[in-house]
Amino acid sequence: MTPPTAPAGVGGLSNGMSFPDAARLALGDTQLRRNLRAATGTIRAKRASVVAEVEDWEELREAGRQIKASAMNRLPELLEQLEREVASRGGVVHWARDATEASGIVTELVTATGARSVVKVKSMATQEIGLNEALEAAGIAPYETDLAELIVQLGHDFPSHILVPAIHRNRSEIRDIFLREMPGVDPHLTDEPHVLAEAARLHLRRRFLEATVAISGANFGVAETGTLVVVESEGNGRMCLTLPETLITVMGIEKVVPTWGDMEVFLQLLPRSSTGERMNPYTSMWTGVTAGDGPQAFHLVLLDNGRTATLADEVGREVLHCIRCSACLNVCPVYERTGGHAYGSVYPGPIGAVLTPQLTGIERSPSLPFASTLCGACYEVCPVKIDIPRVLVHLRARHVEASGPVPSPEAVVMGATAWAMREPRRWGLLQRITRLGRLLSRGGWIRRLPPPLSAWTSSRDLTAPPRHTFREWWAENHPQDDR
Amino acid sequence: MRAAREEVLGRIRSALGSGSVPPEIPRAYRRRGVHEPGAPTLLDLLEERTLDYRAGFVRATPASLPDAVAAVLGEGVARVVIPPELDRGWVSKVDAELVVDDPSLTPATLDTTDAVVTACALAIAETGTLVLDGSADQGRRAVTLLPDLHVCVVGAGQVVGTVPEAVARLDPRRAMTFISGPSATSDIELNRVEGVHGPRRVVVILVLPVDPDQPE
Ligand code: SF4
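In order, the protein sequence lines correspond to chains A and B. Note that the working numbering numbers the first sequence so that position 421 is 472, with each residue one more than the last. Note that the working numbering numbers the second sequence so that position 198 is 1270, with each residue one more than the last.
Possibly wrong hints are sitting among the right ones.
[Unchecked claim] Only pairs whose alpha carbons sit at most 25 Å apart, straight line, appear in this in silico DMTMM-like list of lysine to aspartate or glutamate:
#1 B/K1165 to B/D1183
#2 A/K97 to A/E365
#3 A/K436 to B/E1119
#4 A/K97 to B/D1124
#5 A/K97 to B/E1096
#6 B/K1165 to B/E1096
#7 B/K1165 to B/D1124
#8 A/K97 to B/D1183
#9 A/K97 to B/E1261
#10 A/K97 to B/E1169
#11 A/K97 to A/D107
#12 A/K436 to A/D344
#13 A/K97 to B/D1116
#14 A/K97 to A/E184
#15 B/K1165 to B/D1139
#16 A/K436 to A/E387
#17 A/K97 to A/E296
#18 B/K1165 to B/D1186
If you are wondering where the hints come from, they were derived from the structure by calculation, not from laboratory data.
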């Protein structure tokens, strides 16, 4: 029996809006598109330059991929080992089948301490399970402490990028949000980034000093030693992981890595892929409780929420290798135009298009696997070599199989695409053939295709294939990004 | 709680099916550097990478270290916190109030200090990283977090070339912090701004071994 997917109606996995509808909204927002283009372009260039200086980058990627594959293969044993190690060092391990259970565990733990508020480090897992909403419902105020999350929280808005959640806001918008929402902020606040950062520092410092409970995610959990790893830039993570008396960490079960030695690979792959730095400013590592240093009560919540369902798909399971670097977002031509909100999920971009439908079940996110041009740029930058295009095609086929009368024209097209993609040369050929589609299009949209494909276009508009394939365009415009 | 654990483990086992063998992990990447720790090339590289993060970098000898520490702390620093077993010689020339850390000091008290002086477990040249592991000359994690200036003394022999060399030398069961430059954010239009919550200034003082032939 296939394990259950994440429950509907809880958390941030899916807001129920289809990608095409949300994307159409976003495409009309020129400010958003301008912010996104500038931002993704900047990170792309930084990443390319720090990756280029690592001579063994490809060997590191291959090792990263195989470490993750091996970890998934040995998951039960590694999770049990992690649990044992954490417990032997004074931590308490909890297991959560889904979002509701995880939020319930955390809420209960916080309530037991008597705290009425918690400080939080940016964490995809807690957004995924909708923890803030659950805490608020229990009368506990969750304070986001990452600058971008703070901007999002104060702006009553949703994150749009894994790494830079407020990428859709420019500096004057941020200043306006701070002026409106930050009690006691200097009314003469300017929109210079260092002034805004200083305002956030002052706003949060007292909160850090007074907090008794912190909630974090984890980038890695080392089975061999029970060590948890959080990678960050601002120091808000260190504040949360160090100052409060109680620390609660929510970690997806796929974040476990077998040995401490494996960290030598990920500590090289992640920062360069993510922020385009040789190393991020701060990486914190802790094992259970350390006497006289940091929180004296530590809880680790291990989360399933659709991960085991993902693991059951032999093709789709490799997306569980993701280390959430967000490199694939920054190179994605679709993401660059639509932004993160169009994906209707806390996981946007190419990784979201393959992860969300598997966690929720494809019926609840049917349009996401189609939110891609299959250009392959995401695969090329992925530090753990996840073949996102292959999984996209696989999920499209799964969706079509599950929903259409067989064999629908759509299934035929998708089947052909899957066939073509198994072989890069075939794929290149197919991309050039589909360019002929331009001849049939009017105003950029193909309204009618000749039969039998007309059955498909009569129910939807198909964007005309671009003049160049993305691969060609990229090669022409980014000669320096050869990795 | 037990039920959730058994169910999740059971789901994983059924998802994986039986008989799959974990892949061999190829480790063709550089697992050791080409230079011995403390090699002059590594020291230069550490300097370059540190400056790249807009952190400070100063070279000293064992004899000149106390003056170097005092100079880096400079005028504006009134209270300096030090870990319990920091070599007191290092701060012997410091003209500020010294607060010796102990676990009874609250975060609010630490927040009233202006600077912290520590040793480190090691430094990584390629990435410009300092690693602190909570030893008694480095202190608990909070002392290097709340003051606005962190002065870290690095012995030349503690400088390794690569990340794998560092990982091999560290004990993960200690609470550790990897520090690469000052606290920073790029959350506002991707402009890098130094100093959000952690120390806004980090200064590395590299202590070079004394050349036995050359009296200082
Ligand atoms: S799929 Fe790969 S590139 Fe995308 S976020 Fe995950 S690890 Fe990074």
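Exercise. For the pair supplied as a hint, A/K97 and A/E365, confirm whether the alpha-carbon distance does not exceed 25 Å.
Key: Given that 25 Å is the threshold and the Cα spacing comes to 34 Å, the pair is violated.
Quiz item: Is B/K1165 within 25 Å of B/D1183, Cα to Cα?
Solution: Holds, because 23 Å separates the two Cα atoms, which is no more than 25 Å.
Quiz item: Are the Cα atoms of A/K436 and A/E387 separated by 25 Å or less?
Solution: holds, 21 Å
Quiz item: When you check the alpha-carbon spacing of A/K97 and B/E1096, does it fall within 25 Å?
Solution: Since the Cα atoms of A/K97 and B/E1096 sit roughly 32 Å apart, the hinted pair is violated (cutoff 25 Å).
Quiz item: Are the Cα atoms of A/K97 and B/E1261 separated by 25 Å or less?
Solution: Distance ~14 Å between A/K97 and B/E1261 Cα, so the pair holds.
Quiz item: Given the proposed pairing of A/K97 with B/D1183, does the C-alpha separation stay at or below 25 Å?
Solution: Given that 25 Å is the threshold and the Cα spacing comes to 34 Å, the pair is violated.
Quiz item: Between A/K97 and B/D1124, is the straight-line Cα distance small enough, at 25 Å or below?
Solution: Roughly 14 Å between the alpha carbons, so the hint for A/K97 and B/D1124 holds.
Exercise. Would you check the hint for B/K1165 and B/D1124, treating anything up to 25 Å between C-alpha atoms as holding?
Key: Roughly 29 Å between the alpha carbons, so the hint for B/K1165 and B/D1124 is violated.
Self-check item: 25 Å limit on alpha-carbon distance, applied to hinted pair A/K97 and B/E1169
Solution: Violated. A/K97 to B/E1169 sits at ~42 Å, over the 25 Å cutoff.
Quiz item: CA of B/K1165 to CA of B/D1186, is that 25 Å or under?
Solution: OK: B/K1165 and B/D1186 at ~17 Å, within 25 Å.
Quiz item: Do the alpha carbons of A/K436 and B/E1119 lie within 25 Å of each other, as the hint requires?
Solution: violated, 33 Å
Practice problem: Decide if the proposed pair is consistent with the structure: A/K97 and A/D107, CA atoms, cutoff 25 Å inclusive. | Solution: holds, 18 Å
Comparing the model with each numbered hint stated earlier shows that hints 2, 3, 5, 6, 7, 8, 10, 12, 14, 17 do not hold.
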